[in-house]
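Undergrad: Join the two chains, each given in its own frame, into one complex according to the hints.
In the order they appear, the protein sequences are chains A and B.
Taking numbering that gives the first Met the number 0, the leading residue of the first sequence gets 0, the next gets one more, and so forth.
Taking numbering that gives the first Met the number 0, the leading residue of the second sequence gets 0, the next gets one more, and so forth.
It should be emphasised that the hints constitute simulated quantities derived from the structure, not laboratory data.
Virtual Cβ for every residue (Gly too), placed ideally from N, Cα, C.
Among the hints, a few may not be true.
Short, incomplete list of chain A residues facing chain B, as computed with Cβ under 10 angstroms [said to hold, decoys possible]: (1) Leu20; (2) Leu23; (3) Tyr42; (4) Ser90; (5) Asn120; (6) Ser129; (7) Lys169; (8) Ser176; (9) Ala177; (10) Asn260.
To spell it out: a stretch of chain A is covered by chain B in this simulated footprint if at least three of its residues, at any positions, have a beta carbon under 8 angstroms from a beta carbon of chain B; those stretches are [as the list claims (entries may be wrong)]: (11) 3-10; (12) 24-36.
Each chain is listed here by its residues.
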Amino acid sequence: MSRERDAANYALVFFAVLSVLLLLFPAAKFAHTARIAVSYSLYPSLHYGAKYGHFVRNVPSNFVKLLETDQETRALEEKVRDLEVKLRNASASVSENERLTREMRLARSLPWTGAWARIVNKTPADWYGSFYIDKGSADGIGVNDTVLGMQDDRAGLAGRVFEVYPKFSKVLLLTNSAASAVCAIEPGGLEALVEGKGTWLLKMNYVPEEAALQPGVELVTSPGGLLFPAGIYVGQVTKVYPRESFMNFITADIAPAVDVNMLKEVFVVRRNIPGELAGSRLGAGK
Amino acid sequence: MSFIGDILLYLASGAAYWWWTQNLAVFGLAPNLIFAAALSAAILAGPVKGVAWGFFLGLYADMLGANMFGGYALTYTLMAYAVHTLKRHFDMDSLFSQLVAALALSWACMFFYQGLSLAFSRLNPLGLKIFLAEPFLNALAVPVVFQVFYWLKRRAGLL
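Just chain B, with the same shape it has in the complex (with noise of 0.2 angstroms):
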């Protein structure tokens, strides 16, 4: 049972953006709402659930553009392993901790997004107004997104 469940939230994590950017998207921009839940994950799931959400959600992202496929869920993937390593020295569960981690691990999250797709497909995907925004879209999503996870974890047993 949980296991269907985390499934549909998978799928509603992934059409929750979709249709974040089909219909609320301003000026182009709107928070990265995979990345939020693979960052979401990653705190509230085990090691191995939270780096399989990562890789998941990851290629979620990949199949939703047209550059190189993996890109994203190796991203998540080491994402989620960092946040893991994190959890343990850090109360990840605050609020302040979440707007740090959010902030700091979203762009690092681009820069080596940039980077795979540098050397693999020799393609700058990077926007200036998505590398200076979106971070701080990211930061006021993630808290939600944890809010929402952390509620769902506990009356459903999901993640």
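Here chain A stands alone, though its shape is the one from the complex (with noise of 0.2 angstroms):
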């Protein structure tokens, strides 16, 4: 039994020092080695998880439609309802077909080159803080690669590609607590910075008290900012705080451009920003 409990507490002691190590040293080599050598180990496994993931996903609605086929024979219903399960899917694929096609239309607009992307996966802990995309360094993408969103016909801004993989990338989305961006106030221009809460919302920061801000007023990447290219559109102000007695600038919410419960793909700019102008790997989204 002692020796048993001892071996517990030799476990706990090496285990335990391992991870403090790594949390106090995040940017020292061994940190860095651990981390690129856990992702390496462990993405084989989601890759081909994402790979053939269809097959599993289609198991049970094959099952259900065995069912659905014995007792076809039985009753004229049953294939009624079963083409209405056939309508719905058709349904779904041609709105899926129109949603790409709009898509694709309004990236032939945009003034800068990329790639698409599908987001293959959202950890619900970390729901506004990241997700992964199915296209990595074979593809083309590098770190701080800015990540678009399409919704209501317009392009907005995502976040940017924080970790490259060959085959898969995972980025870092404005809503994350680390997040940043210098914005430009439309149409003035007015400068002003925007950084994630963690939420579904966004908070400006900065902003002089004199900026008349108004909800409503929509907020695009200042020409200023160095990882994004200027002019996306970031969002919307939805409400104004007054200003603190404490403070000389007032702040504000922001709805972001892009629901990121709503995005299916996203259009990755290639950027080329070379490493020493990026700075550090968190908290440097300006």
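TA: Here you go:
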């Protein structure tokens, strides 16, 4: 019993120290190497899961169809029901086709070159923080490439590429608490900083009190920003907060241009920003 | 053979969590199967293996997120040790104790990870919706995952 307790204590100390080292030195070569090693070891399971996921997804629907086919021999109503199911599937495909066509047409009008990517995973614990897309370095995606979403026939800023792997990339959303973007308030072009809050809303800071900001005003990325091309629609002011007595600027809530819950595909704009210009990996989203 | 089986089970646990969140999440909510696997492994495996399972499942969870790296690894390592201590005093094989442990440890892990996140990266990753709903989903998932792991332990000698 004592030996077992000793073994548990040694294991606890070993793994706890390892975890704390990873936490304490996030930018150290040791932690970075560990992260890359873990990612390269574990991403294949996600990759092949994505590749063959549709076979697994089809199992329950195929089983249902088999039962329906058996029942078709007994009643004509079952046939009608089966046809209705197929009709619903067809209409879903038609609506997806229409959506993709609309997005493609919109993408052709964009002044930037890039590639389309499909969102392959969202993690509930990081819903407004990041997601994965099915394009990686093999498709020419690079770190800090700008990620756009298409909504209401308009391209909006969704975030930027955060980590790149051969077949996958991780996108840091603008709604992430660590993300931000320098924006220009339309139509005057007054600059302010828009930051993520980890929720569906963004926060705008450093707006001069005399800016006369009103709900409904639109924001676009500023030419002064480094990471994002200028002129991308970022969002709309929903609420302006009055100046606090101890601050000399006002803040506002911003509804993002892109709703992460609605996104299925994104357009990745190639940026080719040199690493030394992009700053640190997290929190330097200006 | 058991070692390879453990690795396959580990990858399957992570991939199952990923697949569930990809296809079966409702309103952005899904049971944390990685947490359920870590808790079940801590109950079934020996002390060293249980703690190691907690650490490596935590690394998997860290890899899926974009925040600090090592936070979940530390959280699940400590949880596995706590379960190892608890199971000397309680019968963790019973359904009721698993439900209670899943609920209590879910919240404990959330608070601990929240504290780590605030301390190391000054981020607040905990959403109210997840805080309120996920522990109950975990409580439902843990007995199921435990039965699967228990069956694999008896039939294939894993864990």
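Undergrad: Compare the structure with each hint and give your call.
TA: The hints, checked one at a time:
A distance limit of 10 angstroms between C-beta atoms decides the matter here; for Leu20/A the minimum to chain B is near 8 angstroms, and the interface restraint holds. A cut of 10 angstroms between beta carbons decides the hint on Leu23/A: the least distance to chain B is about 8 angstroms, and the hint holds. Checking Tyr42/A against chain B: minimum C-beta separation of about 8 angstroms stays under 10 angstroms; hint holds. The interface hint given for Ser90/A is violated, since its Cβ lies 21 angstroms from the closest Cβ of chain B, which is over the 10 angstroms cut-off.
For the restraint placing Asn120/A at the interface with chain B, the shortest Cβ-Cβ distance is roughly 5 angstroms, inside the 10 angstroms limit, so the hint holds. Annotation: interface hint on Ser129/A holds; nearest CB of chain B at approximately 4 angstroms, less than 10 angstroms. For Lys169/A, the interface hint holds, the least distance from its beta-carbon to any beta-carbon of chain B being 6 angstroms, beneath 10 angstroms. Because the closest C-beta pair between Ser176/A and chain B is about 5 angstroms apart, less than 10 angstroms, the hint holds.
Taken as an interface hint, Ala177/A checks out: its beta carbon lies about 6 angstroms from the nearest beta carbon of chain B, inside 10 angstroms. A hinted interface residue such as Asn260/A counts as satisfied when its beta carbon comes closer than 10 angstroms to some beta carbon of chain B; here the least separation is about 8 angstroms, so the hint holds. Counting residues of the segment 3-10 of chain A whose beta carbon lies closer than 8 angstroms to any beta carbon of chain B gives 6, which meets the minimum of three for the stated coverage. Remark: the segment 24-36 of chain A is confirmed as covered by chain B, as 4 of its residues place a Cβ nearer than 8 angstroms to a Cβ of that chain, reaching the required three.
In terms of the numbered hints stated before, the structure departs from hint 4 and from no other.
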